[in-house]
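K.L.:
The residues making up each chain are set out below.
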Amino acid sequence: AQSVTQPDIHITVSEGASLELRCNYSYGATPYLFWYVQSPGQGLQLLLKYFSGDTLVQGIKGFEAEFKRSQSSFNLRKPSVHWSDAAEYFCAVAPRGGNTGKLIFGQGTTLQVKP
Amino acid sequence: KAGVTQTPRYLIKTRGQQVTLSCSPISGHRSVSWYQQTPGQGLQFLFEYFSETQRNKGNFPGRFSGRQFSNSRSEMNVSTLELGDSALYLCASSSGGGGLNTEAFFGQGTRLTVV
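Quick note, the sequences are listed as chains A and B, same order.
Take the position in the first sequence, starting the count at 1, then add 662; the result is the number in my numbering.
Take the position in the second sequence, starting the count at 1, then add 642; the result is the number in my numbering.
The set of hints was computed from the structure by calculation and includes no laboratory data.
If a hint is listed, it holds; no wrong ones were tucked in.
Estimated spans, in silico, between C-beta atoms of each pair:
id : chain 1 : residue 1 : chain 2 : residue 2 : range
1  : B       : G684      : A       : K723      : 21 to 29 angstroms
2  : B       : T755      : A       : P741      : 37 to 45 angstroms
3  : A       : R684      : B       : A644      : 32 to 40 angstroms
Just so we're clear, the structure is a prediction, and the values are computed from it rather than from any experiment.
C-beta atoms are modelled at their ideal positions from N, C-alpha and C, and glycine is treated no differently.
With the sequences and hints as input, model every part of the structure.
P.N.:
Okay, here's the thing in structure tokens:
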């Protein structure tokens with residue numbers, strides 16, 4: 663079955679520290695990969711996406727993610743976290759080349775930033 | 643370019659009633675997907691409409707239905723509301739071609755509370 667796993671439900675980091683959020687997927691073929699961020703009571707904002715090519719992708723707000731085919735992973739990173747990064751982060755996948763807009767989401771990771 | 647607009651933002655309904663939520667996609671986008679977000683189940687795909695036709699459907703009971711109009715605006719209807727239908731309902735808009743056009747843009751959501 664297709665699934666996305668975010669092993670960490672909750673992460674707390676100090677402001678200025680580095681961040682890595684993990685994402686693993688189970689899929690028949692390498693899907694399209696996305697990271698979204700959601701502030702409380704708001705919709706989802708796309709941080710970055712991987713379709714093909716360079717496995718290290720840059721996104722908005724200083725985030726980057728690395729696709730590792732051998733590990734079926736797409737981890738999100740940021741070198742220095744800001745207090746405004748506190749939010750919930752979702753990894754998502756969509757079928758490659760499929761005729762669908764359906765996304766499958768992980769359970770999300772809540773990021774808390776300590777001053 | 644205007645983003646995805648969902649109305650209303652907040653809604654309180656009584657058990658047994660029905661409700662209609664509205665979503666206006668980004669201009670030019672032909673695909674509208676709906677998701678239900680709850681603390682326990684996370685983000686779950688409800689259905690997708692493309693060019694006025696339902697293209698994909700999630701695993702929800704028949705009480706959940708939708709439609710799409712010729713201008714791509716979409717409505718979602720839930721009949722015979724249950725307490726468990728309380729959730730944030732998110733609408734996502736994409737160009738709809740699948741593949742590289744899978745990138746979805748989300749609205750702010752409609753917070754439905756069933757009492």
